[in-house]
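With the hints as a guide, bring the two chains together.
Protein chains in written order, with the UniProt record's numbering: chain A, 1 to 154; chain B, 1 to 740.
Don't take each hint at face value.
As the list claims (entries may be wrong) - Only pairs whose alpha carbons sit at most 30 Å apart, straight line, appear in this in silico BS3-like list of lysine-lysine:
| id | chain 1 | residue 1 | chain 2 | residue 2 |
| --- | --- | --- | --- | --- |
| 1 | A | Lys127 | B | Lys722 |
| 2 | A | Lys73 | B | Lys702 |
| 3 | A | Lys127 | B | Lys716 |
| 4 | B | Lys430 | A | Lys73 |
| 5 | A | Lys72 | B | Lys716 |
| 6 | B | Lys430 | B | Lys386 |
| 7 | B | Lys722 | A | Lys129 |
Unchecked claim - Sample of chain B residues lacking proximity to chain A, with all beta carbon distances greater than 10 Å (derived):
| id | residue |
| --- | --- |
| 8 | Val85 |
| 9 | Leu385 |
| 10 | Lys437 |
Just so you know, the hints here were simulated from the structure itself, not pulled from any lab data.
Glycine included, each C-beta is placed from N, C-alpha and C at the ideal position.
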Amino acid sequence: MELNRLQRSFLEYTAALFREGFLDSQFSQLYQLQDESNPEFVVEVVSLFFDDSERLINDLSRALDQTNVDFKKIDAHVHQLKGSSSSIGAQRVKNSCVSFRNFCEVQNIEGCLSCLQQVQQEYLLIKNKLEALFQLEKQIVAAGGAINTVEWML
Amino acid sequence: MEACNCIEPQWPADELLMKYQYISDFFIALAYFSIPLELIYFVKKSAVFPYRWVLVQFGAFIVLCGATHLINLWTFTTHSRTVAVVMTTAKILTAVVSCATALMLVHIIPDLLSVKTREVFLKNKAAELDREMGLIRTQEETGRHVRMLTHEIRSTLDRHTILKTTLVELGRTLSLEECALWMPTRTGLELQLSYTLHHQNPVGFTVPIQLPMINQVFSTNRAVKISPSSPVARLRPSGKYMPGEVVAVRVPLLHLSNFQINDWPELSTKRYALMVLMLPSDSARQWHVHELELVEVVADQVAVALSHAAILEESMRARDLLMQQNVALDLARREAETAVRARNDFLAVMNHEMRTPMHAIIALSSLLQETELTPEQRLMVETILKSSNLLAALINDVLDLSKLEDGSLQLDMGTFNLHALFREVLNLIKPIASVKKLSITLSLSSDLPEYAIGDEKRLMQVLLNVVGNAVKFSKEGSISITAFVAKSEYLRDPRAPEFFPVPSDNHFYLRIQVKDTGLGINPQDIPKLFTKFAQSQPLTTKNSSGGGLGLAICKRFVNLMEGQIWIESEGLGKGSTAFFIVKLGIPGHSNESRLPFVPKVPGNHMPTNFSGLKIVVMDDNSVGRMVTKGLLMHLGCDVLAVGSADECVRVVTPEHKVVFLDASVPGADTCEVAVRLHEKFSKRLDRPFIVALTGNTDRMVKENCSRVGMDGVVLKPISVDKMRSVLSELLEHGFLAESQ
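Extracted from the complex, chain B is given alone in its bound form (with noise of 0.2 Å):
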C-alpha cells in the first residue's frame, strides 16, 4: 500500500489528476467498507470459522483504511487543521492496526496450512471407504451369486442336471463365453470331455490326465489360471481372435465308500473332475479374485450335490434289490409252502395205498402158509413174509416220520398199566435174547405207579426199539432194564442243560436206563445217533433193519411226551447205556377235562346186541348213506337215513338215541345241524348224541365240532367193528374220548 502522504495537493495545478485520484479513493473507500461488512456477514452465517478474532483485526484493519481513504478526500482542497488532525489518528490507528495484524498472521499461517493437510488427508480415507465399500457390495454379489447357483444346483439329484445346472449357470453369473466339464474315465487314466456350455454334444474329447498343468490344478483346491492353448481349453477350432483368459478349478468327486458315520473325510478321494472357464475372447476382462473364489465354492458344493446324487441312486438300487428278493424270497416261499403242501397230499394218499398192498402181501403170504406146500415152497413163502414184514415195518416208520416232522402227530393219551407195557415188553424181547444167550433183567422201583397216563403204544415203541438195540449189538453177556420215578437231581441231564423239568401233582417223570455189554459206541458218533439215516458202524450184522429210523423216531416220540432220551458209552466194545425220560400223567389227579378217567377195557366187554337202537343218518351222498345205514343195521339198529340238514332237523324225535352227521358235506353244514338239534331238544335228557363222520382229522375239524357241541368225530373209513365200539362208548359215557 503506498504511503498516502499526499499534504498539499496543487488543485488548479492537474485538475484531472486530481479529478481521477477523488474518484479512485472514493471507490476504494467504499470497497474498503464493504469487505468487512461481507466479511461479518459471512462470519455469522458460518460457525465453523475459529478465527473470528483474525478476521475481527483484519476487518478493523481495512475499515481504518478505508477511513483514511475517505478522509484523504477532504484533504484535496484546503482543510482546517480538525481534518488534519483526524487524518493523522486515522493513519496512526490503521498503522497500529496493520502491524498488529501483520504479526499475528505469523502465527495463524501454519494453522491455516495445517487445516489444509487435514483436508487432503480426508480426502484421501473418503476414496478408501468408498473403494471398501465397493469391495463389500461386490462380494455381497458374489455371495448372493454363490447362493443362488447353489440352490440351483442342490435343487435337483440328478447327476446330469446338476452339472449341467452348474455350466450354465455359471456361464450366465460370471458372463462366460465357455465353460467345460472333464470327468475322469472309468480307467481314471484320462479325462473326458463330459458337459459343455455351448456345445451341444460333446464328441468324446479325451485327456491324458497326467499332464502338469492338470496335475498342477488337481494339487490344490483353489481355481489356477491355465494357458488358453492348452488342451482342456482348446475346445473349438482355434478362432481368429484373443482368446480370454482361462480358469481351471478340481470338483472332487467323493463316493460312498468316503463317508463313515464318525469321521467325514478329508476329500482324501483320489478322484477329481476339472472345470474349465473361459472369460469371453475379445474382451479384456481379468479374472477377479472374487470371481475366482465363487467358483471354488461352486465347485465344492457340486461335489457335495454329486455324492448327494450318488447316495441317492445307492439308495434306490438297494430299495429295488431289496424288492427284487422280496420278490424271490415271496416266490421260494410260496414254492416251499407248495412242495410241503404237495408232499402232505402225496403222504396222506400214499399212506392209504402203501399199506393196503403190503397188508395184501401179508395177509395172502400168511394164508398161503397154511396151504400144503413143499419144503421149498415154505420156504419161500416164509422169506416172502419176512421182507415183507421188513417192509410193512419201514413203510410205517417213514410215514411215522414224515407225520412226527410235520408236527402233524399227537399222541393217544389214554390211562394204561405201566408195569404191564414193562412187562409185555420183556416178553417180546425174551426169545430173541434167550438165542442170542444174553440175560436180561428188570427192575422196577417201588414208587412207580401201576398206572399212568401217556401214549400207550408209543411208548413201547420207544422201548422196544431202544432194549431191541441192545439186544441187537450184544453178543453177549446181559441186559438190564431199570425204570423208576425221576427226582429233580436225577432229571438234570448233563447234556441238556436247558432241560429244566418240574414234577407237580398232576404228572411225573418216568426214567428209564437200558443198560447192556454189548458192541459200546465210538464216542464220536454218539451225536449221530439220533438222526435220521445215520448208521454208525457198518453194519455187519445180518439182521440189521430199521434203515436208521429207529432212534430217529424215538427221540421225536420222546420229545413229544417232553422228554429226553440219550445214550452214553465209554467206547468201543465197553457196551453202552441208554437213558430216557418222559412225563406221564398220573391218574386220579388229571385237570385235563378231555383225558377222561376210563381204564380201557378188553375188546369183549362191549355189547354187541344194539337191536332196536333208533338212529338217524344224514348224508348228502346216496351210496355213503346206504353204506353207514347197511352198517348200522348189521348190527341191528333201526336207522332212518336223511340227505339234508332240513330233513334230519325235522325227523329227529326223542326216541332216536343218535344222530350221525356225515361231514363231507364242506363244513356248515353238520355244524349248523347240531346247533339247530341243539335248539330243538333243550333238554339234555331227550336230546339224542350227535356225531360227526369225517375223512378229514384236522384240528379244525375237531374244534368246530366240540365248539357246535358235538358228542364226537368219527374217522371214515368206519369198520363194523369200529362202529360198534363208537356206539358202545357213547352209550357207557356219553361222549367219545377221542376220535376213533
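Excised from the complex, chain A in its bound form (with noise of 0.2 Å):
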C-alpha cells in the first residue's frame, strides 16, 4: 500500500539519518512531545531552530571577517548555536560547534574559518534533511496515516 510504502520509506529515512550521526535521540524526544495539545510542535521548534542556527551563522561570518576578531563573541555565538542543535538532537552541527569552540579558545582564526565552513555545511545537510523529511511525514498525513515514533527506541 502506498501509506505502507510511505511509512517503510521514513522509517528507513529516519534511521538512515539516526545511522549517519545526523541525529541523535533528543530529536526523538521531540516527537514525543508533540501531542494534540501541541501538533505542530516538531516543526515549529526546527523552523525557530532553522532561524536562529542561520542568524547565528550570519553573525559568525561577519564576525569573523572582522580585523580585530572578538573571540569571546564568537564563542558566545557558538555557543549558541552548540545549545539550539543539542536541543533538537542535531548531532553533527553539534560536534562541529564543539571543534568550533576549542580553535577559539585558542585564537585560531584559520581552524575558526574552517570550522565556520563545517558548521554551514552540516547544518545546510540537516536542513535539507529536515525538510525532506517533513515532506514524507506531509504525504504520510495526506494519505491518512500517522507517524510511529515510538519503536525508535533510541
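In C-alpha cells:
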C-alpha cells in the first residue's frame, strides 16, 4: 500500500539519519512531546532552529571578517548554536560546534574559519534532510496515516 | 827617656846649646803637664773606661816627669842646695811611679787585647744580623708578592684570565723576560704552548711529554732549573745574546673527580701543565731561592684557582642541563596533559556517538526480528543481534574502564535490597548453568541485612562477572555462592596485608565467595588476572567474550567500594574460588546527609499528572527554551519561559513551584539568579524549587550549584521520563538526591 510504502520509507529515512549521525535521541524526544495540544511542535521547533542558526551563522561570518576578531563574541555565538542544535538533536552540527569552540579557545582564525565552513555545511545538510523528512510526513498525514515513533527506541 | 843626669852645665861654654835645651825642657814640661790634664778631662767625660787606676798612675808618672824637667830649668844656673834636693826628690818619685806603671802595664795589656777581640766579634755579629734582616725583608717582600699574585689569580673564575694573569703578574714581580705555559693536549701525549707573556698568539708548538727533562720537572713539586736550550724554553728564534736562566715548575691540573668529600686527594692526579720562566737574557741575574719559592707557591695557587674555575664551569653546565631538562619535562607534562584532555574530549564525544549507532542497530534488528522472515534471514538477524549486543557490551566496558581510570567515575549510592540482588543474579545465571548442567547454590548468612546502601548496579555487575566467569570456565560440577558479613578476622586478606578494614556503626563489610569446580588457574597466572586485556589461557571455549576487561573493571569497582577482590586456585583442573569484600552502608544509621533514606520505589508510583503546575524556565537559547517548555507542557505544566536572568527574577511569584535554569550559559548567571531568588523569597515556603539544567556533570558545577542553594541538578538531554521523575521527586521529597 502506498501508506505502508511511505511509512516504510519514512522509517528507513529516519533510521539512516540516526545511523549516519545526523540526528540523535533528542530528536526522537521531540516527537514524544508532540500531542493533540501541540500537534506541530516538532515543525515549530525545527523552524525556530533554522532561523536561529541562520542568524547565528551570519553573525559568525561577519564577526570572523573583522580585522580585530572578537573571540569572546564568537565563542558566545557558537555556544548558542551548540545549545540549539543539541536541543533538537542535530548531532553533527553540535559536534562541529564543539571543535569550533576549541579553535576559539586557542584563538586560531584559520581553524575558526574552517569550522565555520563545516558548521555551515552540516547545517545545510540537516536542513535539507529535515525538510525532506517533513515532506514525507506531510505525505503520510495526507494519505491518512500517522507517524509511529515509539519504535525508534533510541 | 834619656836619664837626665846633667848636674852642672857650663853656661858660658855653649850658650846656644844651653838656650835650646832650656827651651825644649820648657816645652816638654808643658806637654807633660797638659797631657794628664787632657786625660783626666776625657776620663771624666767617658764613664766607660775601666782602667782609671792605670790612667792615674800614668798621669802621675807624666806629671812627675814634667816636674823633673821643670826643675831642670833651675839647674842650668848655679842653684842652691834646696833646688838640688827638690830635683832629687822629684827624680826619685818619678822613678818609683814609672816602675810601678811598667809593672802595672804587664797586667793590663792582655785585657786590652781581649777588648779588641770582643770588639771584632761584635762587629761580626752585627754584620750577620744585618744579613738576616735583609733576608727577612726579602721574604716578606716575596710573601707580599705572592699574596698579591694570589689575589689577582683568585679574583677571577675564568680559566684563561687566571692563566694569563698568572703569567703577567709573575713577569712583573720577578721582572722576567718571558713566561710561558704549556698545557697537556687531550691525548696527554704532548704539551702544547698555550699562553705566553709576550707572544700574542702562540702558534701551536707542541712538545712530546715524555722528555726526560719534563719528567724530571713533573716528578717534583719544586721549581727546577732547566737548560735554556731545551725545547720548552726555545720560544723565539734563538737570538744573538746569552739567554738568561730558565726555571720550570709543574702546575697540577686537578679534576673534579679528585675531590671526594671525606678525603682530600694528595695531588695524585696525573695531569700537569708546565710553566717556564726566563730571566732577562743580558742581565747577570740568578735565580734566588726566595724567587724559586715564590714560583712554587704561585704554581700551587694556580692549580687551586683552576680547579675552582673547573668546578664553576661544571656547576654552570649542570645547571643548564637541569634547566633544559626542566623545560623538556614541562613540555612533556603539557603534552601529556593535552593528550589526556584530548582523550577525555574524545571520550566525551564518542561516548554518545558510539552508543547511538549501537542502539540503533540493536533496536532495528530487534524490530526486524518481529517481522516476517525466512529461516535464513532470521538466523542472520539473530547473529547480527548477538554480535551487536556483544559489541555494545564491549563498548560499555571500554568506556566504563576509561572513566574508572580517570577517576571520574563515581558510585551511584542508593539503598537497595541485598537479598533481592543475589536472587536476581541467581535468576540470570540459572538458565546458562542448567544448560551446562552445573548446579548453583546460594547461601546468605543470617546476619546479612536485608537492605544496604551502595551502588546496586555496579555491585550486581561485579557479582555477575565473577559468577559468569565461574560458570564459563566450569565444564561440570557445581558453583557455590556464599555471602556473609565479614568480621575482623576474616577481613584480612593474606595477600593484602595493608588492608585494614574496620567496620563501624555506619557500614559493614560484605564478603562474597564464589567457588567453582572448573578449570582452575595456574598459580603463576593469578597476578595477571586483574590486568586489562590479559587472557590467562588460550581460550578454546567458543563463548569467550569480554576481551579480558571484565575482571579489571570488577577490581576497579571493588576498589571504589573500598574493598578487595582476589582469586585463589590450587592449580589447573582443581577449580578456583573468587573472594571479594565490599564496604556497604547500613541504612538507618547514615550520617551522610546527602544520602536520603529513600527506598527505591518502582517507577509506576510517580504521579503522571502535573496539570496546572506552574513552572518558570530560563534559557537564553530560543530553541532550547522552546524544547524545555514543550516538554513541560507535554507533562501538563503551566510553563512560563524567559530568556534572561533579570526577566526570570522579575517574573517568578510564589505561585510558581519550580524554576528551571538552563546552565548552558557559562557559570555565573545561573548562580546569580539562584542567589537573587533566595533573596527575593526569604520564607522557605514561598520559594519555588530551583533546579539547574546542565550538559556538564562536573563535580565543580554540582558544588557551585549546591553552594548557591539550588535544589538539584539535572543532566541534559532530558527525556520525558526523566523530567517526570525529576518533577515527582521534587514534589515528594523537596530535593533531588543525585543528579538525574
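Structure-based check of all given hints:
At most 30 Å may separate the alpha-carbon atoms for a hinted pair to count; A/Lys127 and B/Lys722 meet this at roughly 28 Å. Note on A/Lys73 and B/Lys702: the hinted pairing holds, with a Cα-Cα distance of about 27 Å set against a maximum of 30 Å. A distance of roughly 23 Å separates the Cα atoms of A/Lys127 and B/Lys716; the hinted pair therefore holds under the 30 Å criterion. Pair hint B/Lys430 plus A/Lys73 does not hold up; C-alpha atoms about 60 Å apart against a cutoff of 30 Å.
Between A/Lys72 and B/Lys716, the direct Cα distance comes to roughly 24 Å. Compliance with the 30 Å bound is thereby established for this hinted pair. For the hint pairing B/Lys430 with B/Lys386, the CA-to-CA distance comes to about 20 Å; that is within 30 Å, so the pair holds. The straight-line distance between the Cα atoms of B/Lys722 and A/Lys129 is roughly 29 Å, inside the 30 Å bound, and the hint therefore holds. Non-interface status of B/Val85 relative to chain A is upheld: no Cβ of that chain comes within 10 Å, the nearest being about 151 Å off.
Against the 10 Å criterion, B/Leu385 stays outside the reach of chain A, whose nearest CB is about 13 Å from its own CB. Against chain A, the non-interface label of B/Lys437 holds: every CB pair exceeds 10 Å, the least being about 36 Å.
Violated hint: 4 only; the structure is consistent with all others.
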